[in-house]
Amino acid sequence: MAADLEEKTNRYGELLAAALEAATIAPPDGTPMAEAAADCYEMAASYLEDGRHFREQGDPVNALASFSYGHAWLDAGARIGLFDVPRDGHLFTVE
1 MAADLEEKTN
11 RYGELLAAAL
21 EAATIAPPDG
31 TPMAEAAADC
41 YEMAASYLED
51 GRHFREQGDP
61 VNALASFSYG
71 HAWLDAGARI
81 GLFDVPRDGH
91 LFTVE
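Residues in the sequence shown are numbered consecutively from 1, following UniProt numbering.
Hints listed in this document are in silico derivations from the structure and should not be mistaken for laboratory results. Not one of these hints is a red herring.
With a cut-off of at most 20 Å between alpha-carbon atoms, the simulated SDA-like pairs for lysine to any residue come out as follows:
hint : residue 1 : residue 2
1    : K8        : T93
2    : K8        : D50
3    : K8        : F54
All values derive from a computational prediction rather than experimental measurement.
Put together the whole structure using the sequences plus the hints.
Structure representation (C-alpha cells):
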C-alpha cells in the first residue's frame with residue numbers, strides 16, 4: 001500500500017529535525033573539513049525550513065522533497081566523516 005503523502009511528509013520532517021539535533025561537526029575547528037561540514041549542516045537546516053514553509057503553504061510534495069534533500073546532505077556528510085552521528089537507530093545510514 002502506498003504511503004499517505006501527509007503522513008510521509010510529516011515523518012520525513014521529523015526525521016530531518018531529529019537528525020540535525022543528533023549530528024555534530026566532526027573535524028577540528030578552523031580546518032577546511034570543518035568549514036565543509038558547517039556548509040552541509042547549513043544546507044540541511046535550510047531545507048528543513050523550506051520544507052516547513054512548503055507544508056504551511058499546503059504544498060506537501062515540495063515539503064517532502066525539501067525534507068528528503070536536507071536529510072541527504074546530512075547523511076552524505078556523516079558517511080564521509082563530516083559529522084559525528086549515532087550509529088544505531090534510524091537517523092543515518094552509517095555503520
